[in-house]
Structure formats: C-alpha cells, structure tokens
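Colleague: Here this note's numbering is used: the first residue of the sequence shown is 305, the next is one more, and so on.
Treat the hints as calculated values from the structure; they're not laboratory data. Hints should not be assumed to be uniformly reliable.
Just the calculated beta-carbon pair ranges, DEER-fashion [to be verified]:
id : residue 1 : residue 2 : range
1  : 305       : 354       : 13 to 21 Å
2  : 352       : 330       : 30 to 38 Å
3  : 338       : 409       : 23 to 31 Å
4  : 384       : 317       : 15 to 23 Å
5  : 329       : 365       : 21 to 29 Å
In this text, all values refer to a predicted model and were calculated from it rather than measured experimentally. Using N, Cα and C, we set each Cβ at its ideal position, and we do this for glycine too.
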Amino acid sequence: MEHYFVVLELPGGKELKFKEGKYSPKNFWKLTADMISQGKAKIISKRQDTGISEELRRHVNKITKFKTYVLVHMQLGKQDWMDENGIFKKIADWIRIPCHDLVIDTADNFQLVTIDM
305 MEHYFVVLEL PGGKELKFKE GKYSPKNFWK LTADMISQGK AKIISKRQDT
355 GISEELRRHV NKITKFKTYV LVHMQLGKQD WMDENGIFKK IADWIRIPCH
405 DLVIDTADNF QLVTIDM
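With the hints as extra help, turn the sequences into a complete structure.
Modeller: As structure tokens, this is what we get:
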C-alpha cells in the first residue's frame, strides 16, 4: 500500500460554502458522499507527494464560479490508484462516518476542505 493525496472537485457552488470559514453546511458530508458515489465529483489531482497543492493552485486560478474541493489522504495499492470508480467508492464510504472536518484554504472562488479519517 502506498500513500496518496487525492483532490476532488464537487459539483455545486456557494451552497456548499462553510459558514464563517469553518462550519460545514447541514448534511455537507452526507451530500458530498452522495455526489461522489453518484459519479458527480471530479478528480483534480492524485499524487504521492505534496505537488498536489501546485496542481490545485493552477486549477483554481482558471475558475470563475465558486467551487469546493475535498482533499483526502488515503492508502492505495499500485493498481488501485488507476481505478477512479474504486477511489470514489472508498472516499464516499469513509466520509459517511462523522469525523472532524477542516477548511484548509479559502478564497472568493473556492474552498479546500478535508476530513480527519
């Protein structure tokens, strides 16, 4: 098993924005899990190193509408990281369990959140 960082872009806009930069909207993680399991999220980056932050920064510099990104640290086998449906399923299953969430970064056009698993 190898360590990977995965960034997902969620569909939707400001309705997903954390209040005061730290309080998740009601049912945020359940809605997020549903979006991911339905294939509505998009993988922006998946890497084994912190270069993921540069990839995300380049991506958010191009967007005009507000977007929410979820950063997940996970362990995957060498073959697993190629299977996007498998990644979506694992993440959706994990985030259904109540955990501590955290806003990592925010700006006018995006927020990057994570969940402690």
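Colleague: For residue 305 and residue 354, compare the CB-CB distance with the range 13 to 21 Å and indicate the outcome.
Modeller: Holds, at about 19 Å.
Colleague: Okay, residue 329 versus residue 365 on CB: inside 21 to 29 Å?
Modeller: At roughly 25 Å between Cβ atoms, residue 365 and residue 329 fall inside 21 to 29 Å, so the hint holds.
Colleague: Starting from the hint 23 to 31 Å, judge whether the C-beta atoms of residue 338 and residue 409 obey it.
Modeller: Holds: the Cβ-Cβ distance is about 24 Å, inside 23 to 31 Å.
Colleague: I want to verify a distance hint. Is the separation of the beta carbons of residue 352 and residue 330 within 30 to 38 Å?
Modeller: The hint (30 to 38 Å, Cβ to Cβ) holds, given that residue 352 and residue 330 are roughly 35 Å apart.
Colleague: If you check the beta carbons of residue 384 and residue 317, does the distance land in 15 to 23 Å?
Modeller: At 31 Å between Cβs, range violated.
Taken one by one, the earlier hints fail for this structure only at number 4.
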